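Using the hints, position chain B against chain A.
Below are the chains, spelled out letter by letter.
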Amino acid sequence: MLASPTRNWGATSLRAATVVVFSVLLAFPFYWMLITTFKKTQDLYNLDNNPFIFNMKPTLTHLKYLIDQTDFVRWGLNTLTVGILVTIITLLLALPAAYALTRLTGRWGPRLGVGIFLTYLVPPTLLFIPLSRIVANLGLQNTIWSLVVTYPSFTAPFSIWLLMGFFKTIPRDLEDAAMVDGLTRFGAFLKLVVPISISGILTVVIFTFTLVTQEFVYALTFISGDKNQVVQVGVPIFLVRGDVYYWGSLMAACLITSVPIAIVYNLFLDRFVAGFTVGAVK
Amino acid sequence: MAVNTARKPRMGPEIAIAQVPTEVVAFPVARSRHFNWLGVAMLAPAVLYIVAIIGVPLVLAFLYAFGNVRVGSVGYQFVGLENFRSILQSPAFRQALANSFLFTICSQILVIVGSTILALALKDKFRGRGFIRFLILLPWVAPISVGAIGWKWILDSLYSVINWVLIAMHLVNPFTPPMWLGESSLAMISVILVQAWRLLPFSTVILLAGLSAIPKEIPEAAEVDGAGFWRTMFQITIPMMVPIINVAVLFGVIFSFTDMTVVYILTRGGPYDATQVLPSLAFFTGVLGNDLAAGAAISLFLVPVLVVVAILMLRMAQRAEVT
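Listed in order, the protein sequences are those of chains A and B. Counting in this note's numbering, the first sequence runs from 1 upward without gaps. Counting in this note's numbering, the second sequence runs from 283 upward without gaps.
Simulated from the structure, these hints should not be mistaken for laboratory data. Heads up, a few of these hints could be off.
[Unchecked claim] Chain B is faced by these chain A residues, among others (derived, beta-carbon under 7 angstroms):
| no. | residue |
| --- | --- |
| 1 | A11 |
| 2 | I53 |
| 3 | L121 |
| 4 | T125 |
| 5 | L126 |
| 6 | S153 |
| 7 | I256 |
| 8 | T257 |
| 9 | P260 |
| 10 | V273 |
Keep in mind that this is a model prediction, so the values were computed, not measured. Where a beta carbon is used, it is the ideal one built from N, C-alpha and C, also for glycine.
Next up, chain A with everything else stripped away, as it sits in the complex (with noise of 0.2 angstroms):
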């Protein structure tokens, strides 16, 4: 900014004072997490107590109770396996699609690439009524199944999309030259193409995986008994023991399903802000 230095540090405080409040506010829930998950239970439940601060000694116990007690780990296992699969599915599925897009289908290739985009728009709520059936019929319901097969219809559009843009900068000359030294199209696409677009298809690995855990409503309609879950549903739906929160455990598991994707998204943020953007930004 050119402006003079005192409405310089006008401006200054005031971007400050905007950030604080704002880091505040969305953090807030975080730092309330991570403070119930060590407060002891009589601690928790006193009013007379300053809710903001330990009023006695930290404690394990919600921690231990969460992983010793409970399914949460098997939970955590189920989400990272739907993850896995789920990535192999939608790579599978999009880079063939996405650079068949890019350089074989001629021109209608990048409108028909956003007609896949749409079909992202489409929410599962929607589709689980009919899906719930259809999830039945194969045998598929009550299992994790269910979700690898349904979870790439939302993962792949997105990532056939991605995949676009990182096609795209790659020279066409680069395939071409490999083309005359004897690759074929699909030879060249394999072993050229895909080993070049490594960081893009980091990106979708990281972009499926953090969609997987974010999903909420496929597997609170497919799967209905408790240990099959997902950790995303099991801990709001299953930690909660009639009408009784443990919230120690409870906001134990929040932090620990939250913040690893939060750091991992982080690293990738970029990416996925050009993916939504539409063309809209250059």
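Quick look at chain B alone, frame taken from chain A:
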């Protein structure tokens, strides 16, 4: 998307696809034939999958809504608008329809105002920006169900930290503190605020991407020419952000109008359907209530909004392609 500059149909992709035959003929024959077979083969798995898992259920949703399907029923009987007639008569449905719009519009207004302010505050580099970005993004990257359960604890009827602060400041009566999720209007305000909390980071990063594309010289030149800080912001910077704000709003509308997670976790649509929205009502009716036909009919009320958003997105993609 600025791939082809030669010819620009004014319509969306479906029109472009309809023109394919003439375009294929226009290609050199040998090249197009060789390319297209491999292209079709590489595209086929994704397209077949999308048709099977999105296309087929979408068609079924319409069939269910106009039929008499229930869990365990065999056969299909077309009943016309019967399902729609009965759900339109239900007060719960009318409440959910109105709530869905209220929920989406109010949360999006908060998100747009908030994220515009926040994006403008974050656009220049400063020390600790990376850490601030991490904090600000938390609501968006944490699983939504998990963030919502955090709020359920913050808004608890007995141990709400918000009430503790209000009581400590003598702003509310300690014996009748507000029941954030137990009173109709407070519950609606709560779910709207939590939805806005959840989407604000997403909108902010989209706007930041847009801001980084605005040449710095333009606002700077305006300031040099004597336009003040506020004038530059309202007459130069914010108007230049409008296209990217549109992108953020369209995604925000989709993510709010079609989602039920925040409502389901915080209130289960209660008290007495006061916070019920279309997706949650469809879930309670079609999945838990086993009335697939009525549930599908309720879901179909999402379609008009989705179609409008899709058309607006196509228009924007088109415009980005032309420029």
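Checked against the structure, which of the hints given earlier come out wrong?
Result: hints 2, 7 and 9 break, sorted rising.
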